[in-house]
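> Using the sequences provided together with the hints, build the complete structure.
Residue numbering for the sequence shown follows my numbering, starting at 10 and increasing by one per position.
There may be inaccurate statements among the hints.
To be verified - Calculated lysine-lysine pairs in the DSSO-like style (CA-CA distance at most 27 Å, straight line):
| no. | residue 1 | residue 2 |
| --- | --- | --- |
| 1 | K96 | K29 |
| 2 | K48 | K26 |
| 3 | K48 | K67 |
| 4 | K67 | K29 |
| 5 | K67 | K52 |
| 6 | K64 | K29 |
| 7 | K48 | K29 |
Stated by the list, open to error - What follows is a set of in silico ranges between Cβ atoms, one per label pair, in the way DEER data are often shown:
| no. | residue 1 | residue 2 | range |
| --- | --- | --- | --- |
| 8 | F97 | V38 | 16 to 22 Å |
| 9 | Y93 | A14 | 38 to 44 Å |
| 10 | P36 | P90 | 23 to 29 Å |
| 11 | Q82 | R23 | 15 to 21 Å |
Bear in mind the hints are in silico, worked out from the structure with no lab data behind them. For every residue, glycine included, the Cβ atom is placed at its ideal position computed from N, Cα and C.
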Amino acid sequence: NIMSATQARIAYRRLLKVEKVRFANDPTVLHAAQQQTRKEFEKGATQTDEKKIAKLLKHAANVEQVIRRYVVQAPLSPSKPNTYNVKFTSDHALRDAHPIVIKSSLQNNKSQ
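See below:
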């Protein structure tokens, strides 16, 4: 189906774009994310069932939203020891009812 192929290309490009933005300063993670995206889209490329295609496209859109809203880079501060610089954008889910809190492994090690 031409429409499904067009939607898949759009979803693929949107995922690659959000990965490029969110993982810009981490080439290892960027490469891994792009490889995984490519792999998943190649797996679905031969799918002909419209319901399964719709499900795959919805999954791609959900993954894109998770990356866009919840992934943030936090590089180590060059001037302050044990401090990370976090830069949020207007796309980040700062005001969600259920924010995701991730404790660093450094915090876990300090309490031992």
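> Going through the earlier hints one by one, which of them does the structure break, listed in rising order?
none
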